[in-house]
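Once you've looked at the hints, dock chain D against the given chain E.
2 protein chains.
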Amino acid sequence: MKLATLKDASRDGQLVVVSRDLTLCTPVPQIARTLQAAIDNWADTAPKLQAVSDQLNAGEIKETKAFDQTECMAPLPRAYQWADGSAYINHVELVRKARGAELPDSFWTDPLMYQGGSDDFIGPRDDIALASDEWGVDFEAEIAVITDDVPMSTTPEQAAPHIKLLMLVNDCSLRGLIPGELAKGFGFFQSKPASAFSPVCVTPDELGDAWDGEKLSLPLLSTLNGQAFGKPDAGVDMTFTFPKLVSHICKTRNVGAGAIIGSGTISNKMNGGPGRPISQGGVGYSCIAEIRMIETIEDGAPKTPFMKFGDTIRIEMLDKNGQSIFGSIEQTVVKNV
Amino acid sequence: MKLATLKDASRDGQLVVVSRDLTLCTPVPQIARTLQAAIDNWADTAPKLQAVSDQLNAGEIKETKAFDQTECMAPLPRAYQWADGSAYINHVELVRKARGAELPDSFWTDPLMYQGGSDDFIGPRDDIALASDEWGVDFEAEIAVITDDVPMSTTPEQAAPHIKLLMLVNDCSLRGLIPGELAKGFGFFQSKPASAFSPVCVTPDELGDAWDGEKLSLPLLSTLNGQAFGKPDAGVDMTFTFPKLVSHICKTRNVGAGAIIGSGTISNKMNGGPGRPISQGGVGYSCIAEIRMIETIEDGAPKTPFMKFGDTIRIEMLDKNGQSIFGSIEQTVVKNV
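Which chain is which? The protein sequence lines are E and D, in order.
Under UniProt numbering, the first residue of the first sequence is numbered 1, with each subsequent residue one higher.
Under UniProt numbering, the first residue of the second sequence is numbered 1, with each subsequent residue one higher.
Incorrect hints may appear among the rest.
Since the list gives no way to pick out one identical chain from another, each pair is judged satisfied if it fits inside one copy or across any two copies.
Claimed, not checked - Calculated lysine-lysine pairs in the DSSO-like style (CA-CA distance at most 27 Å, straight line): (1) Lys7 - Lys251; (2) Lys164 - Lys320; (3) Lys320 - Lys215; (4) Lys215 - Lys164; (5) Lys97 - Lys184; (6) Lys320 - Lys251; (7) Lys251 - Lys184; (8) Lys215 - Lys184; (9) Lys308 - Lys251.
I should point out that these hints are in silico values taken from the structure, not numbers from a laboratory.
Here the structure is a predicted model, which means the values were calculated and not measured.
So here's chain E without its partners, still in its complex pose (with noise of 0.2 Å):
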């Protein structure tokens, strides 16, 4: 099924049920009013929602109404665990390179994972609102799960069937702020304003074959000003799979209803080494700073200027008959007022 949140003044919205073609939708206030509601108690309500979907899929539900990605907040407009990690480590290779750092070996083994801030996610649609474009604006498109309880010590294993929902997310950040916060030696703060997330979330079982369990296979598009930008395949070098980033997570705590975990920054090693843009034949990029990564070493600069405002991001990924899956994240950048 897929499920996503109306904008209805309410600071959590109003959950819906979406056809799988996102033509259509329906409330579902008698099950859940909000996707946070609904996940907190998700034996119960998953049935629910899905013979809802089944229903509606079907065309046997009367109050429907045209579903407007334009309409919709995240599917969690705010959370309680947003954790993201850098699951493609050429992704990761790539942006230490760039600011002139090493990879330590450990990253291959050991999952890097940022905890990110929750509690202002914005919309699909909404302008990415900032008091200054000066500040390195990217987009990073990742794909996210949203997942049940996991208890503490939960093992890869053991983590798979506590995954219950997809998306995907514009991890938007800030390059310029990124150096001297890191330096500080406590991560990410500034650097990571609010993240995006897709119109719909999806369970597994609306993947068919691309989601294996631990991965989902397939392109993920990003289009930067109108131009392709970016399309390497999700289920290629993930170094760390989903799993894995939910067992890191809980190692010494408990993890509630509703945490989201991202995949971090999709990024194929092509050709085996650091690809090459859509334009020159490859499979481009899923953020500004790996191409300009590219550029410093094949020119000595950078030369694809970060987002500044005015400037567009669209992400979004297609089923193999070419279908929306998520709906699309699509973004201005606009000065804070």
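Coordinates of chain D only, in the frame set by chain E:
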């Protein structure tokens, strides 16, 4: 007024108003079922809760019950934002020295803060349950504030009125896991297990002259295994005030209602240096790492061990009349089963 959250088998517990002397409480479902619901709509709920508090303290409410601190969850059992500062630079300097790390000059002007995990806070009398006690289990006694919505770019001056509630924290840390985790560059994750909070949170007016709108000037008492361990004054040597910490976290994001911002470990720079244990006439320390640092300086090696299974920590703050303001955090380290 004083507020608490009682265990009731739900995830967010039951909000109660607590009498000033911590003996009585009364539920307020007609105003808000949970503290998050109250802070989500604070302009409306605060006056109503205050009226109940006034009546409760005047003995005018019949529907009361004895307030039992052992029945408390954290005031916010789960939250959308938990950002912890290191406002007492003396602590940062000592802990860094213990790790052999330098203190950059910028640490005196740019707040050091980390993004904490907020999906699984534990109650003031809940055990610190961990799979191992070989990880360097330490307590950190701190003060935290709860804000309403704080818009992006709020200045320190503008931030002060957003501070609505205060409470105590045990920001438990796993010292043995910190160096490896910080070396990866993305901050804490596994090295910060679930934090515990005091039984009650209070509005600033409950603190009288001890709260000046920026910091709380009273000793914070830590008792380790029944022995007085720390009593530093939280109003002394706080390099970054709470309004500055709040302003720091909203530079690039809107902060949602119910955000919890911590002071970091309370630490006084006594005698122009590292201070002295309480047993030697000093004000002691708010975590074990600090005393181990002093021992290393003086004797070449630390001798106070980190906490093991069975060890206990008590954290409390008394007003000028010796009355407990927030109730006490009292936790035992136990093996997670």
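We went through each hint and held it up to the structure:
1. Lys7 - Lys251: between (36 Å within a copy, 25 Å between copies)
2. Lys164 - Lys320: Within. Shortest intra-copy distance 22 Å satisfies the 27 Å Cα cut-off; inter-copy 52 Å does not.
3. Lys320 - Lys215: within (16 Å within a copy, 58 Å between copies)
4. Lys215 - Lys164: within (13 Å within a copy, 43 Å between copies)
5. Lys97 - Lys184: The answer is both: 19 Å in one copy and 15 Å across copies each meet 27 Å.
6. Lys320 - Lys251: Classified as neither: same-chain Cα gap 37 Å, cross-chain 42 Å, threshold 27 Å.
7. Lys251 - Lys184: Intra 25 Å, inter 17 Å, cutoff 27 Å: intra and inter.
8. Lys215 - Lys184: Result: close only across copies, 24 Å inter versus 33 Å intra.
9. Lys308 - Lys251: between (40 Å within a copy, 18 Å between copies)
The earlier numbered hint that this structure contradicts is number 6, and it is the only one.
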